[in-house]
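Next come the chains, spelled out residue by residue.
Protein chains: 2
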Amino acid sequence: MPPLDPAALDRLFREARTAYAWKPDPVPDETLRALHDLLKTGPTSANCSPARFVFVRSPEGKAKLKEALSPGNVEKTMSAPVVAIVAHDPKFYDELPRLFPHADARSWFAGNWSLADTTAFRNGTLQGAYLILAARALGLDCGPMSGFDNGKLDGLFFAESGWRSNFLVNLGHGEWGPDYARAPRLTFDEACRLA
Amino acid sequence: MPPLDPAALDRLFREARTAYAWKPDPVPDETLRALHDLLKTGPTSANCSPARFVFVRSPEGKAKLKEALSPGNVEKTMSAPVVAIVAHDPKFYDELPRLFPHADARSWFAGNWSLADTTAFRNGTLQGAYLILAARALGLDCGPMSGFDNGKLDGLFFAESGWRSNFLVNLGHGEWGPDYARAPRLTFDEACRLA
Numbered sequence: 190m191p192p193l194d195p196a197a198l199d200r201l202f203r204e205a206r207t208a209y210a211w212k213p214d215p216v217p218d219e220t221l222r223a224l225h226d227l228l229k230t231g232p233t234s235a236n237c238s239p240a241r242f243v244f245v246r247s248p249e250g251k252a253k254l255k256e257a258l259s260p261g262n263v264e265k266t267m268s269a270p271v272v273a274i275v276a277h278d279p280k281f282y283d284e285l286p287r288l289f290p291h292a293d294a295r296s297w298f299a300g301n302w303s304l305a306d307t308t309a310f311r312n313g314t315l316q317g318a319y320l321i322l323a324a325r326a327l328g329l330d331c332g333p334m335s336g337f338d339n340g341k342l343d344g345l346f347f348a349e350s351g352w353r354s355n356f357l358v359n360l361g362h363g364e365w366g367p368d369y370a371r372a373p374r375l376t377f378d379e380a381c382r383l384a
Numbered sequence: 190m191p192p193l194d195p196a197a198l199d200r201l202f203r204e205a206r207t208a209y210a211w212k213p214d215p216v217p218d219e220t221l222r223a224l225h226d227l228l229k230t231g232p233t234s235a236n237c238s239p240a241r242f243v244f245v246r247s248p249e250g251k252a253k254l255k256e257a258l259s260p261g262n263v264e265k266t267m268s269a270p271v272v273a274i275v276a277h278d279p280k281f282y283d284e285l286p287r288l289f290p291h292a293d294a295r296s297w298f299a300g301n302w303s304l305a306d307t308t309a310f311r312n313g314t315l316q317g318a319y320l321i322l323a324a325r326a327l328g329l330d331c332g333p334m335s336g337f338d339n340g341k342l343d344g345l346f347f348a349e350s351g352w353r354s355n356f357l358v359n360l361g362h363g364e365w366g367p368d369y370a371r372a373p374r375l376t377f378d379e380a381c382r383l384a
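Residue numbers (the working numbering), protein chains in the order written: chain A, 190 to 384; chain B, 190 to 384.
Don't take each hint at face value.
[Unchecked claim] Far from chain B, by Cβ distances over 10 Å, these chain A residues were calculated:
1) PRO192
2) ALA205
3) VAL245
4) ASP293
5) ALA323
6) LYS341
7) ASN355
8) ALA380
[Said to hold, decoys possible] Interface residues of chain A toward chain B, partial, derived using beta-carbon atoms under 10 Å:
9) ARG325
10) GLY344
11) TRP365
12) PRO367
For the record, the hints were derived by calculation from the structure and aren't laboratory data. Just so it is clear, the structure is predicted and the values come from calculations on it, not from any experiment. Cβ coordinates follow ideal geometry from the N, Cα and C atoms, glycine included.
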């Protein structure tokens with residue numbers, strides 16, 4: 190298959206930028222449903238799909254979230270139309286009989302806390318990246334961040350569910366300053382090997 | 190901005206499938222460079238870019254990799270044109286003075302092994318997901334997997350660099366069977382909350 194057209198590659202990767210300020214345009218709940226419909230299709234190990242998402246957009250939700258944010262992340266996050274909490278369910282394996290009916294995959298993880306924990310973190314993080322790129326594909330801008338107190342957030346949002354927070358993604362329509370150059374990246378020869 | 194056109198959303202998410210068998214068409218090294226050029230732009234915390242990639246496509250590289258694979262992953266992996274080892278550099282922070290010149294970010298991680306380890310794993314995994322979606326955007330199919338012996342692979346490939354393996358992604362042009370239905374996914378109401 191040929192690559193996607195250049196405008197799509199620009200949108201997803203080459204021209205996309207992390208947003209730190211936001212236009213007031215709202216992000217309707219139906220856009221969040223469309224976002225999940227895309228990201229949920231992304232691959233995870235044995236289809237384990239451990240990620241869970243909280244879309245915070247009410248004043249009450251924002252006020253609660255604010256308690257857990259690092260000071261430098263408060264302003265951009267409070268002004269974002271939506272903040273996605275990317276989390277995972279440590280007991281994701283209880284859904285495996287339905288999600289992966291081909292084998293007794295639940296037994297691989299139940300009682301092996303270390304494997305379950307690593308699997309939830311790795312695959313929940315993959316799903317968080319799918320959220321970022323699905324949001325861009327839908328025309329949204331993203332501001333991902335890990336500058337917050339995970340334990341505090343978990344106490345505020347997940348005391349009942351037992352979910353564990355991973356990172357946050359502000360979502361909306363970015364407001365771009367004039368002088369905002371992309372930071373450098375490692376080259377192929379620095380980051381890659383051929384074998 | 191409007192969403193990408195439906196064919197692009199299909200390609201990236203809705204119609205994309207994990208490949209288990211491969212057409213013989215090769216993946217040229219220049220495609221791997223184009224792949225890295227896209228994925229490197231994806232966001233990481235403080236632009237830390239901890240992921241490192243080994244693209245295994247020679248018979249010698251494949252033979253070495255085979256030693257670390259779970260038996261069920263051997264056939265599909267040996268027949269893939271390229272296997273990407275998604276790894277990360279635990280000492281990624283030594284590049285931060287160049288990658289994130291805005292602050293002394295190196296000092297946040299050097300000497301804080303736990304934070305550095307979590308940051309490398311989280312952000313290296315994000316970059317692995319960017320690789321998967323960038324490959325699809327370039328017209329390749331992917332077969333990601335974590336069924337291998339990480340310690341053994343690290344000994345075989347990373348004894349000198351100290352890099353740590355995360356997961357593998359077979360890359361090429363998939364060969365699709367006739368009766369291959371997508372496994373179910375969690376619904377929005379199961380995986381998401383509005384707050």
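Beyond 10 Å from every Cβ of chain B: is that where the Cβ of ALA323 of chain A lies?
violated, 6 Å
Does LYS341 of chain A sit more than 10 Å from chain B, CB to CB?
Holds, because the least Cβ-Cβ distance between LYS341 of chain A and chain B comes to about 15 Å, which exceeds 10 Å.
Nearest-CB test (10 Å) between chain B and PRO192 of chain A
Nearest chain B Cβ is 5 Å from PRO192 of chain A, so the label is violated.
Should the label of ALA205 of chain A as a non-interface residue stand, given a Cβ cut-off of 10 Å to chain B?
ALA205 of chain A not clear of chain B: closest Cβ-Cβ about 7 Å, inside 10 Å.
Does the claim that ALA380 of chain A lies off the interface hold, with its Cβ farther than 10 Å from every Cβ of chain B?
About 6 Å separates ALA380 of chain A from the closest Cβ of chain B, which leaves it inside 10 Å; violated.
Status of the stated non-contact between ASP293 of chain A and chain B (beta carbon gap over 10 Å)
holds, 15 Å
Close enough to count: is the Cβ of ARG325 of chain A nearer than 10 Å to one in chain B?
OK, holds: ARG325 of chain A within 10 Å of chain B, min 9 Å.
Verdict on ASN355 of chain A as a residue remote from chain B, using beta-carbon distances over 10 Å:
violated, 7 Å
Chain B contact restraint for GLY344 of chain A - C-beta distance below 10 Å:
For GLY344 of chain A, the interface hint is violated, since the closest Cβ of chain B sits about 15 Å away, which is over 10 Å.
Was the hint right that TRP365 of chain A lines chain B, CB cutoff 10 Å?
Violated - the Cβ of TRP365 of chain A stays beyond 10 Å from chain B, reaching only about 13 Å at its closest.
Is it correct that the beta-carbon of VAL245 of chain A has no partner in chain B closer than or equal to 10 Å?
Violated, because the least Cβ-Cβ distance between VAL245 of chain A and chain B comes to about 5 Å, which does not exceed 10 Å.
PRO367 of chain A was flagged as interface toward chain B. Is the shortest Cβ-Cβ separation under 10 Å?
violated, 17 Å
Checked against the numbered hints above, the structure violates hints 1, 2, 3, 5, 7, 8, 10, 11 and 12; every other hint is satisfied.
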